[in-house]
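2 protein chains.
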Amino acid sequence: MREVAIIGVGQNRWGELWGKSIRTVWTEAALEAIDDAGVDHIDAMYVGCMSGGLFVGQEHLGALLADQLGQGPIPGTRVESACASGGLAFRQAYLAVASGAHDIVLASGVEKMTDVDGGAATYALSTAADQEYECYHGITFPGLYAMMARVHMHRFGTTRRQLAQVAVKNHAHGSMNPLAQFPSTVTAEQVEQSVMVADPLRILDCSPITDGAAAVVLVPLDLARRLKKPIVRVAASAHATDAIALHDRQDLAWLASTEKAAELAYGQAKIGPAQLSLVEVHDCFTIAEIMVTEALGLFERGQGGKAAEAGHTALGGKIPVNCSGGLKSKGHPVGATGIAQIREATMQLRGDCGPRQVSKAHWALTQNMGGTGASTVVHIFERG
Amino acid sequence: MREVAIIGVGQNRWGELWGKSIRTVWTEAALEAIDDAGVDHIDAMYVGCMSGGLFVGQEHLGALLADQLGQGPIPGTRVESACASGGLAFRQAYLAVASGAHDIVLASGVEKMTDVDGGAATYALSTAADQEYECYHGITFPGLYAMMARVHMHRFGTTRRQLAQVAVKNHAHGSMNPLAQFPSTVTAEQVEQSVMVADPLRILDCSPITDGAAAVVLVPLDLARRLKKPIVRVAASAHATDAIALHDRQDLAWLASTEKAAELAYGQAKIGPAQLSLVEVHDCFTIAEIMVTEALGLFERGQGGKAAEAGHTALGGKIPVNCSGGLKSKGHPVGATGIAQIREATMQLRGDCGPRQVSKAHWALTQNMGGTGASTVVHIFERG
Numbered sequence: 002m003r004e005v006a007i008i009g010v011g012q013n014r015w016g017e018l019w020g021k022s023i024r025t026v027w028t029e030a031a032l033e034a035i036d037d038a039g040v041d042h043i044d045a046m047y048v049g050c051m052s053g054g055l056f057v058g059q060e061h062l063g064a065l066l067a068d069q070l071g072q073g074p075i076p077g078t079r080v081e082s083a084c085a086s087g088g089l090a091f092r093q094a095y096l097a098v099a100s101g102a103h104d105i106v107l108a109s110g111v112e113k114m115t116d117v118d119g120g121a122a123t124y125a126l127s128t129a130a131d132q133e134y135e136c137y138h139g140i141t142f143p144g145l146y147a148m149m150a151r152v153h154m155h156r157f158g159t160t161r162r163q164l165a166q167v168a169v170k171n172h173a174h175g176s177m178n179p180l181a182q183f184p185s186t187v188t189a190e191q192v193e194q195s196v197m198v199a200d201p202l203r204i205l206d207c208s209p210i211t212d213g214a215a216a217v218v219l220v221p222l223d224l225a226r227r228l229k230k231p232i233v234r235v236a237a238s239a240h241a242t243d244a245i246a247l248h249d250r251q252d253l254a255w256l257a258s259t260e261k262a263a264e265l266a267y268g269q270a271k272i273g274p275a276q277l278s279l280v281e282v283h284d285c286f287t288i289a290e291i292m293v294t295e296a297l298g299l300f301e302r303g304q305g306g307k308a309a310e311a312g313h314t315a316l317g318g319k320i321p322v323n324c325s326g327g328l329k330s331k332g333h334p335v336g337a338t339g340i341a342q343i344r345e346a347t348m349q350l351r352g353d354c355g356p357r358q359v360s361k362a363h364w365a366l367t368q369n370m371g372g373t374g375a376s377t378v379v380h381i382f383e384r385g
Numbered sequence: 002m003r004e005v006a007i008i009g010v011g012q013n014r015w016g017e018l019w020g021k022s023i024r025t026v027w028t029e030a031a032l033e034a035i036d037d038a039g040v041d042h043i044d045a046m047y048v049g050c051m052s053g054g055l056f057v058g059q060e061h062l063g064a065l066l067a068d069q070l071g072q073g074p075i076p077g078t079r080v081e082s083a084c085a086s087g088g089l090a091f092r093q094a095y096l097a098v099a100s101g102a103h104d105i106v107l108a109s110g111v112e113k114m115t116d117v118d119g120g121a122a123t124y125a126l127s128t129a130a131d132q133e134y135e136c137y138h139g140i141t142f143p144g145l146y147a148m149m150a151r152v153h154m155h156r157f158g159t160t161r162r163q164l165a166q167v168a169v170k171n172h173a174h175g176s177m178n179p180l181a182q183f184p185s186t187v188t189a190e191q192v193e194q195s196v197m198v199a200d201p202l203r204i205l206d207c208s209p210i211t212d213g214a215a216a217v218v219l220v221p222l223d224l225a226r227r228l229k230k231p232i233v234r235v236a237a238s239a240h241a242t243d244a245i246a247l248h249d250r251q252d253l254a255w256l257a258s259t260e261k262a263a264e265l266a267y268g269q270a271k272i273g274p275a276q277l278s279l280v281e282v283h284d285c286f287t288i289a290e291i292m293v294t295e296a297l298g299l300f301e302r303g304q305g306g307k308a309a310e311a312g313h314t315a316l317g318g319k320i321p322v323n324c325s326g327g328l329k330s331k332g333h334p335v336g337a338t339g340i341a342q343i344r345e346a347t348m349q350l351r352g353d354c355g356p357r358q359v360s361k362a363h364w365a366l367t368q369n370m371g372g373t374g375a376s377t378v379v380h381i382f383e384r385g
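Heads up: the sequence lines are chains A and B, in that order.
Quick note, this note's numbering runs 1 ahead of the 1-based positions in the first sequence.
Quick note, this note's numbering runs 1 ahead of the 1-based positions in the second sequence.
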């Protein structure tokens, strides 16, 4: 396989973008990535989107968006893996370049979630879980993650305060990200006193409903060098699955798909977690970030909560997690999230992150997860 | 890129499968393909599905189905391009094998369309067109194809009888396919007297609403040889797009994405249309088959209707089209259709098609199309 590099990134300001259609939201990010790459065309494009059908009544986004970008007749492919759709779209784009099938490929993600009411959005999101065995019986995603949180708290002594510290840290990081949906900072007391959603998870433990898009441009490494672009090399691309329904899992307090994808990715990159300069992870709920940091091997099993409370995951800590603000503060347009993580990793490795820059960043890892962890996509990037 | 071969195929009997869930329908086909391949595991899987969200309230099918197959933690990726989802899933699986990322890959497709009522199914299908500029104004797919048919009839003198002959021929072929949803034969008079849907298209000009799945197994060509399997080599894989909305097309009576994908595919395979032994094409409506045979270069522009009437596209004719019965008779579970086309091509090249076998089949082409032709995936296969 050919070596692959990222040479362009784009993202718009995320939020409730009621004045823009899904195609407009996406095109803003795509054009920015292409401009940033400095290329005059793309050879193919991939778009991650979880449910264009349920959110905006529009499937066939690969063709629609290639057309909208004025790049038809190039191949436009939509990839879906619930909230991991963006990361998985990037992986398919990576394989398209690595295989030699295409040279300049746009990997993108988009979701327009606020055109429907809250009930319809909750239903659409529930289609990421096992409908027949979970959702038809009434549970929604906060409830599923609340059960995971309860097991983690019971088994490892993870505390309510430790959950809150994840939100406090990610909002602090997000306050330095001009594209974040909720750049406001919050205190642990505010998190702990916010509205209860599914015990123990409160509204400030949950990532929001968001409209937004993100895009990056991939090329063969040697083309990136010829174009004299800052080199961000794709050092690993891995994807793994787990039982979709919680009741089929070996362990409710462990994300096996993340552990597996990380194991594969570390093997490809020939590094371990200790070498990472920063990670962007899928903090759809505060408990998710704690569990992900354990499954990635950043901390021992059961120690993720304590590590968050000790500040190890904050900017300046042992391993900065979600310098972008994460899903919690930056927002979570589900199909776009995995691509926005990769944009942040790329910008960090280029040294373009201003006040939220991690000093001397060399290796970055992104972890994007679907459902309650039924699918995980992990990528590792190296500064060239 | 590595050379790739197909070593296993599977499909269940298509129809209104009310007693089975989407996962059951899919698993039947997947297990048959794996059994046919004679492998004891798969390394990754791809599934084409147009709208699991709108039809059955289930997205995240890559993870769900890898789990259902008992093959987790392997990567399971869902790909969508409306009615071309199956063909595009095959293309991503092909790239995964060709790139060297995976060795034994299942490419599959599924759709469960009859669990919703006709209005909801029509709405779900309309999400393949441009919702904002086409469907929100009331038009549905039969109406869009009816406009294309009217232009073709006006410009080239294509007749009502020629449209009917496509249906007559495909039902005749389908009567020899034990897995077809509608294996009954029909006469031109029956087609011409059937219920009007969108003038000039009548119900017997339209492919049906179907539940079904199909699957194939891909491996590197050298592994296929070591396993001593009948060799069906993937000689070309191409994907192209066009304006999604009809009003943005250069020509309403021409399928530019099919022309482009075919041009790329012929170039990769280093053959022209004259060398093909058979083709499977996307006859969602009778007019579509006529237009596709022109865009593939099988007949001159405007001559597709006359060729169908002359019997050139029937078994035993110059170039047999849709020996499987096509979407018209076999059925059209949209995400599965592209894979079922590839199953038929594989079986024809192996000589496994019984009464509908094309003699001395050596090259086969499949053409799978999304919307009114906004996306097309073309594959060419060679008997090894």
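Fair warning: there could be bad hints in the mix.
Unchecked claim - The following label-pair restraints were derived from C-beta to C-beta distances: (1) A:S185 to B:D118: 15 to 25 Å; (2) B:G352 to A:E17: 52 to 62 Å; (3) A:D118 to B:I204: 28 to 38 Å; (4) B:R227 to A:D223: 25 to 35 Å.
Claimed, not checked - Partner residues are not named here, just some residues of chain B that face chain A (Cβ under 8 Å, in silico): (5) G63; (6) H138; (7) G139.
Bear in mind the hints are in silico, worked out from the structure with no lab data behind them.
All C-beta atoms in this analysis are idealised placements derived from N, C-alpha and C, irrespective of residue type, glycine included.
Range first: 28 to 38 Å. Now tell me if the beta carbons of A:D118 and B:I204 are that far apart. Holds, at about 37 Å.
Note whether the CB distance of B:G352 and A:E17 lies within 52 to 62 Å or breaks it. 59 Å, holds
Taking the least C-beta to C-beta distance, is B:H138 closer than 8 Å to chain A? 13 Å, violated
Given B:G63 was flagged as interface, is its beta-carbon under 8 Å from a beta-carbon of chain A? This hint holds: B:G63 lies near chain A, its Cβ roughly 5 Å from the closest one there, short of 8 Å.
Any CB of chain A closer than 8 Å to the CB of B:G139? 14 Å, violated
Please check whether B:R227 and A:D223 have a Cβ separation lying inside 25 to 35 Å. The hint (25 to 35 Å, Cβ to Cβ) holds, given that B:R227 and A:D223 are roughly 33 Å apart.
Mind checking the hinted window 15 to 25 Å against the Cβ distance between A:S185 and B:D118? The hint (15 to 25 Å, Cβ to Cβ) is violated, given that A:S185 and B:D118 are roughly 45 Å apart.
Consistency with the previously given hints fails for numbers 1, 6, 7, ordered from lowest to highest.
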